[in-house]
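Protein chains: 2
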Amino acid sequence: MKSVAGLLPEWESLSLAEQVAQMVVVRASGYLFDHQIQYPAWEPPAAVLQHWLQDLGVGGVILLGGSAGELALRSQQLQAWAKIPLLIAADIEEGVGQRFSGATWFPPPMAIGAVFRKDACKALEYAEQMGGIIASEALAIGINWVLAPVVDVNNNPSNPVINVRAFGETPEEVSQLASAFIRGAKAYPVLTTAKHFPGHGDTAVDSHLDLPVLPHSPARLAEIELLPFQEAIRPASGVDAVMSAHLLIPAWDAERPATLSHPILTQLLRQQLGFEGLIVTDALVMGAIANRYGANEAPVLAVEAGADILLMPVDPTGAIQAVCDAVAQGRISEARIRASVERIWTAKRRVQQGTAQPLVETRAIASGVQKQGRSPFLPHLLQLAQPHALATAANIVREALVVHGEIPLLPSQGNLRNLIVVDDALNCDFLDKQAPAVVLPKQHGYQLQLLDPNTTLIPGWVFYHKSGLDVQPTLLQLFIRGNPFRGSAGLTPLAQDLFKKLLGNAELQALVIYGSPYLLEQFLPHLPPNIPCVFSYGQMPAAQAIALEVLFGSPTLSI
Amino acid sequence: MKSVAGLLPEWESLSLAEQVAQMVVVRASGYLFDHQIQYPAWEPPAAVLQHWLQDLGVGGVILLGGSAGELALRSQQLQAWAKIPLLIAADIEEGVGQRFSGATWFPPPMAIGAVFRKDACKALEYAEQMGGIIASEALAIGINWVLAPVVDVNNNPSNPVINVRAFGETPEEVSQLASAFIRGAKAYPVLTTAKHFPGHGDTAVDSHLDLPVLPHSPARLAEIELLPFQEAIRPASGVDAVMSAHLLIPAWDAERPATLSHPILTQLLRQQLGFEGLIVTDALVMGAIANRYGANEAPVLAVEAGADILLMPVDPTGAIQAVCDAVAQGRISEARIRASVERIWTAKRRVQQGTAQPLVETRAIASGVQKQGRSPFLPHLLQLAQPHALATAANIVREALVVHGEIPLLPSQGNLRNLIVVDDALNCDFLDKQAPAVVLPKQHGYQLQLLDPNTTLIPGWVFYHKSGLDVQPTLLQLFIRGNPFRGSAGLTPLAQDLFKKLLGNAELQALVIYGSPYLLEQFLPHLPPNIPCVFSYGQMPAAQAIALEVLFGSPTLSI
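Chains A and B, in that order, give the protein sequences. Sequential numbering from 1 applies to the first sequence in the working numbering. Sequential numbering from 1 applies to the second sequence in the working numbering.
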């Protein structure tokens, strides 16, 4: 542990520009090679990234993409480039497996909220286990900053960006479950993050696309939105970081969104609520901020407002320069920068226990396994997706399942169709040729039919039903949930249209919905009671197997 | 190097069962975790695999699936489990990136054949470079046995299983290019494999599905099929292994397929052609063998025929037992086993230079980078997909491109459609939301339409064209090539139907075909000369960018 601790210099030895650079967290691809970069507009090639880490000395990286194995290598590469040990962050609200294949993939937090309403004790246990498993799996692949839990209260069913990412719809359930999650994660030297301050649950606009407004009174905000943050901040929970929301809240600041608001970040969060940890902005590249305030002015405003960490500024070099200029101009005091860097150092010291672990083990196995060329962190990596972790994820899915109608589905003969509808066939990592939603109905004689808006939207060419042909009993599986950037939590016209047509033709044999409970509510009133219907919060393969086993009444496929 | 060499015991110290186990190569998933296994029927879970390696002592593993980063970890895990250093093989005929994402992905060998007919010297250089790059990238992730080159002469355009995997259609071009490939690969301590003996190019049946028959005379076989093998075997080429085909060749053996034929493997290949390296069967689980000869009898027959390596027997434990029983019964002599094990030891000694390399480097960097927790093999891994490798792959694609009609595509306005047709939308690793075939037309105003047989085959529901609506100028992109298990190298009815309809409606604006040159030949006669058409051998993202840049006449997307 000593050798790693030794790598963190006294922050006082850093120049102002180096101090400001430590406040910046840049986005990078989790893949190892430039030609694999998925979002070239946001993810720099290796040479640029290495320059940011090595020469500018930025303080952290947020990673997206790649498998867990690749990420373990990638995080080592980044740490080797950095002159000061990095915070390595990831949006792993639903498990490391949500972003990095191979690790455990949980259903969205609202599944635990559903369990909570039936058995609060059990749900709290799940939330704590989930926090612990996510923290330990993050650590195993070099992530030391978990950008979770979401503590927003999703009291707006048409919220396109939070939705099932929230633990629930009331401040009480969110507070309790999020705090249990933090408790579980705190057992490991990994940072946790309550987001999105002061509460992103009651919006119908996606801040990835535009700036939502929260028109409520201070009293109402204190009663609903703030409660889970207060609970997360309490020393008993002790969340390490709070992420700001790109939301306009006129009750507190008529002019600036929370991310750039001194009344909200400093007066409310830091002073009134007494939060002493890291205040991190949500991504500064997001439309609501970058388009309105300017690429390099937004970071200055965020620091002025009270942020310690500038997440994903449009131009890291420009952002550092702009903040340094603001200090030179007297807009920002040096003490303000120092206060942030001190908080960052506190956080980095805490996670150093984690980065030290692999080294300790390396020595232990150096004489043995490594002789055969085995990687020192392979043993850590292989702690991912352990049976107890997979079982916890599966149990949450199972207990949050909603089942209606006549179950199991009665066996039928003939021309069976398995109609799967997804948001985007080229972008659904929960579905491949081996996914239970594909394989299990096939075992029961169903022929696959895959549709997404891109497979059907030929203006001028339309589907129609040839009357007189055989009726095809159809299992309809909808994978639809509110996703950031899609701008809607609602039902696609495609899914709605198919549902109506199948119902009208008496072809709908069973319905499975993976994702949003709000969609289930749209379908249920129209569903005859004899047609079985299963709803699952999870979309991942394990969730498909669980839902279909219920529907077919037999565990034909092991998870 | 000494330490690793020390791990290979004298083979004489092994029991008979241990010797036979060294002749077995089992299939395993390249992914790290059991829940990621893609082919549960063929890929054992970790506990079973570890038992095979640790307790039975099988001699090698063939891997499929996972990223290059994951495979680097996986191969270390397997070597750590094995009691004797493993041969780790992979079907990487088109580059490590063909199977393991992140590494360099070449077009199929027939692309080099196309270059050969224009410029033999350049093509030979490409083949040698490709061999060298594949070998070095294999080595970087722990693969020491390249199951390439294919030296079959593809003189049957409807060959469903070889097709563009061959270097060409004549024995001369195949001989020269395959030998150049071997020459390139031999610069590295990696085994190469000429396949599929005595020649799989002239079949219209996929041996994954059934047993093809090669009805030719010995004279014709010697003239066409055998030539490239003779060339590969010559000391100047020095291929390390020859893989047998599951083919019936009545001219030499009226009863048994090549894989199980003593006249073919021993009399012809070993004695007449004088091949002294490893004779490896093609996968024994394949239908043509497993279904006809029995799971445990087939391995015995293969050893009797002269095979040194039993690839993917249905049941490794049963196969080892059956071969040992055959020795006990006198069907197979102990000397026969010893001869194979000696050849395997020769091969393992050769590849040990490779497995030793990372250790040497480990020591060199131990005091520096590793302090920061960096993996000792990370520097090796990062040698994948280097600029010169990506450029070689791109150059081959570019020079093998076939272009017809009026290029570039003239700009047009309005209701533009990018219609992509694939074999299986859930199983195409060359296409995702960031693929040039999707992104580049979008930049030109085209709306994506994705189709595969599963998106359209609703009997009772059909597409039709609403006359009276706007005509939609359509860019048609077909990703179709002969693939093993698909059982056909031909055009799907879907693609054919779409092509005719678009042509009939005067909507076809341009055609791009990725994959099979034989398909191009089916389309060209029907294509008016003013409609531009581009054919590319490669299907991977880099090939899409190259084809579309030619079509659109501007390099809007960098590769």
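Rather than coming from a laboratory, the hints here were simulated on the basis of the structure. For clarity, every value in this text was computed on a predicted model and none was experimentally measured. Any given hint could turn out to be false.
It does not matter which identical chain is meant; a pair holds if it fits inside one copy or across any two.
In silico DMTMM-like links for lysine to aspartate or glutamate, alpha-carbon gap of 25 Å or less [claimed, not checked]:
#	residue 1	residue 2
1	K442	E18
2	K500	E169
3	K442	D429
4	K433	D210
5	K442	E507
6	K122	D429
7	K433	E125
8	K500	D55
9	K122	D315
10	K433	D34
11	K442	D34
12	K442	D423
I want to check one pair: K500 and D55. Are their C-alpha atoms no more than 25 Å apart within a copy, between two copies, both, or neither?
So K500 and D55 fail the 25 Å test inside a copy (59 Å) and across (58 Å) alike.
Tell me, please, which holds for K442 and D429 at an alpha-carbon limit of 25 Å: within, between, both or neither?
both (20 Å within a copy, 22 Å between copies)
Check K433 against E125 for me: Cα-Cα at most 25 Å, and say if that holds within a copy, between copies, both or neither.
neither (34 Å within a copy, 38 Å between copies)
How do K442 and E507 come out at 25 Å by Cα distance, when the copy is not named: within, between, both, or neither?
within (18 Å within a copy, 36 Å between copies)
Give the relationship of K433 and D34 under a CA distance limit of 25 Å: within one copy only, between copies only, both, or neither.
between (28 Å within a copy, 17 Å between copies)
Can you tell me if K433 and D210 fall within 25 Å by alpha carbon in one copy, between copies, both or neither?
between (36 Å within a copy, 23 Å between copies)
How do K442 and E18 come out at 25 Å by Cα distance, when the copy is not named: within, between, both, or neither?
neither (58 Å within a copy, 41 Å between copies)
Up to 25 Å CA-CA - D315 versus K122, copy category:
Close neither inside one copy (45 Å) nor across copies (44 Å); limit 25 Å.
Measure nothing new, just compare the shortest in-copy and cross-copy C-alpha distances for K500 and E169 to 25 Å and report within, between, both or neither.
Result: close neither inside a copy nor across copies, 30 Å intra and 54 Å inter.
One pair to classify: K442 and D423, alpha carbons no more than 25 Å apart. Within, between, both, or neither?
both (22 Å within a copy, 18 Å between copies)
Between the shortest in-copy and the shortest cross-copy C-alpha distance, which are at most 25 Å for K442 and D34: within, between, both, or neither?
between (38 Å within a copy, 22 Å between copies)
Is it within, between, both, or neither for K122 and D429, if the alpha carbons may be no more than 25 Å apart?
This pair counts as neither: shortest intra-copy Cα distance 29 Å, inter-copy 41 Å.
Consistency with the previously given hints fails for numbers 1, 2, 6, 7, 8 and 9, ordered from lowest to highest.
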